[in-house]
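> The listed protein sequences derive, respectively, from chains A and B.
Just so we're aligned, residue 1 is where the first sequence starts under the numbering used here, counting upward by one.
Just so we're aligned, residue 427 is where the second sequence starts under the numbering used here, counting upward by one.
Take the hints with a grain of salt, since some may be wrong.
Claimed, not checked - Here are a few chain A residues that face chain B, going by a calculated C-beta distance under 8 Å: (1) V135; (2) Q140; (3) K148; (4) K159; (5) G236.
In case anyone wonders, no lab produced these hints; they're calculated from the structure.
Note that beta-carbon positions come from the ideal geometry of N, C-alpha and C, so glycine has one too.
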Amino acid sequence: MTVKYEKAKAIEKEHIIMDGVDVSGHWNRMFEQRTIFEYTPELIEKIADIPDAESFANCYQCAKCVAVCPVDVVGNYGPRKLYRYAQTGLDLTEASELWLCTTCANCLRVCPKEVNMVKIMPAAREQAILDGKFVPAELQQAFENTAKSGNPLGQPQRKRDAWIKESGVEVPIMKDLGRKVNVLWYVGSYPSYHPRGIDAASAAARIFTALGIDFAVLGKEEKDDADSQRLAGEKGLFEMMAEHNIETFNKYEWDELVVTGPHELNAFKNVYPKYGFERPVVHYTTFLARHLDQLKPLLKHPVNKKITYHDPCYLGRHNGEYEAPRQLLEAIPGVELVEMARNRQNGYCCGGGGGGMWMDSFTAKHTTMRLSEKRAMEAASTGADVLAVACPFEVSRFEDAVKSTGNEHVGVLDILELLDKSMRGE
Amino acid sequence: MNIVVAIKHIPSIADDLPVSGNNVDFDSVDFVMNEWDEQSIEQAVLIKEAVGGTVTVIGVDLIEELDNALHLALAKGADKAVKITADEPGADSHMQAKWLAEAIKGMSPDMVFAGVQASNDIDGQIGPILAAYLDMPYIGGTSSVEASDGSAMVVKEFAGGAGAKYSVGLPFVAGIQAAPKPPRYAPISKVRQIAQTATIDKVEPSGDASGRLSFKKMAPPVVTGHAEMIEGSSKEVAAKIVELIKSKGLA
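Okay, chain A solo, but in the shape it has when bound (with noise of 0.2 Å):
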């Protein structure tokens, strides 16, 4: 092991004199080394010699991470806290700490020495679940679901298409379609399988087919993306999942590739490269504004509604797309767009990510309330009617949320219901 660190030795001199000033005394020490050094390197070293977690030893302590992390302003939390543990003898991969980042970036947005979370806390995972070590047991649950059936709530795969007759349109399978498509739909696991998911899925058909959009999807064919499962440290199963998923891509012609979820496009267009896929991936509300001049005269129902967005992490910080969804909600007669206080870059974490989404018990018992919780009350406070969602992880934690903070009266719509609601009129 390199050393890093070299412990410092506090000198007390009895007699000093400085300046012709005689400065004898206990107190002299404050002239040499800040104390700081004096704790033990080792178990920051321990997560800095895994592979990925390197940035972690970079941390000087500024704080700024604090400021901005989503789940001090639940709990007591953050890099610069997680390091400092570590200096004071926490061993991160065997504590609950190691589990509570959600992987937001906001910590990394403003840190100054690039102290990476996103790639830190998924090495640091890896490693505790490698050795062995304590893994929540409703993550273990949602790793074997994946494994298993193909998706984290452990339903059959053969009924991964089952949501298609609720839309009420057609929704053509490639395995059946048999020729090339403009538009490759990725529907994902929560819009193909849970309630609220299908909602939203069953609406984007009915835009989609609404807009001529020439798209099919992948049917029984399609698995997990399993980028949240990676950043909770199962990386074997991310592999097992994209080799399963490049494969059926590349089975098919097709020109680009629209997906539901921001953890979809995050796992398609950040991390599927580096196995060898590189081909170009949309989020749905980057496609959908891109046709805004075709989906405007469609919005024909006003939806007289205050409605606040939620910007996903995974869309926002990690893939840059903050407007894309503002623009659609906008183009809907009727709607009042309002602003909560953390929006956009700084915009706050709903929990899901990073594995959150499958630890929320875990998380709400080393937390004074859920992010989501934290979320729906900022959502709320601002008078909002709707609070408007990109990310199919969202709904579900929202609904929940609004209801256990007293809010119900704050409605939890995918953007795609909002858009389809317009077009339909109910």
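Fit chain B to the known structure of chain A by using the hints.
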């Protein structure tokens, strides 16, 4: 300590159970490892870690898809995997126990574990029938098994939270209710590595036995009642509740 863990592959109930004729439609259902067998594997590996030994996992391959379950068991710490190549998805517990017993006989085990029951038939038969065929004593519903000097200390659970500790002579068969610790997680990278390198011993099913039960009918439960959702403002809802209570003669 030579431990054999008998596992059962059963239709998954994560989904509506498809019925075809008078039995489960085995072609359109996923098969999973019985959840109590996951406890058995954990219990066996804990003993191995404590006192050393060998853990052999064995199961009847009903639909030629048992390998995944066996690889998972190996990744969690089992040493050997054996499958009985039956390809008979409808084989009942009695039949499976006979095949398992014939295959286990030659392994001279000190302990044989089976999940105390499985969620497909909830009969809890594999363990006791195995014990009968192997001519070994049986203890079921265990929450802890510890090996100690030629015998085992077994904690068994009773209703109402009561428990009892037994000293059991070797060899014996145990129906595992729970391991003292939750089943460990096997990282997928390890499972995949094992899937590429491990060998699974194949054994032909030997012997014939049956519980002599045959399915006459299998059908989803008949819906006989439903919850009524009362809609409206809180005043309207309250009025309707009062009306309902009165109409039922409760007030």
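> Does the closest beta carbon of chain B sit nearer than 8 Å to the beta carbon of A/K148?
holds, 7 Å
> Against chain B, is A/K159 within 8 Å by beta-carbon distance?
This interface hint holds because 7 Å falls under the 8 Å limit.
> Under 8 Å is the threshold here; is the Cβ of A/V135 close enough to any Cβ of chain B for the hint to stand?
holds, 5 Å
> Measuring from the C-beta of A/G236 to each C-beta in chain B, is the shortest one below 8 Å?
holds, 3 Å
> With a cut-off of 8 Å on the beta carbons, see whether A/Q140 makes it to chain B.
holds, 5 Å
Of the numbered hints stated above, none is contradicted by the structure.
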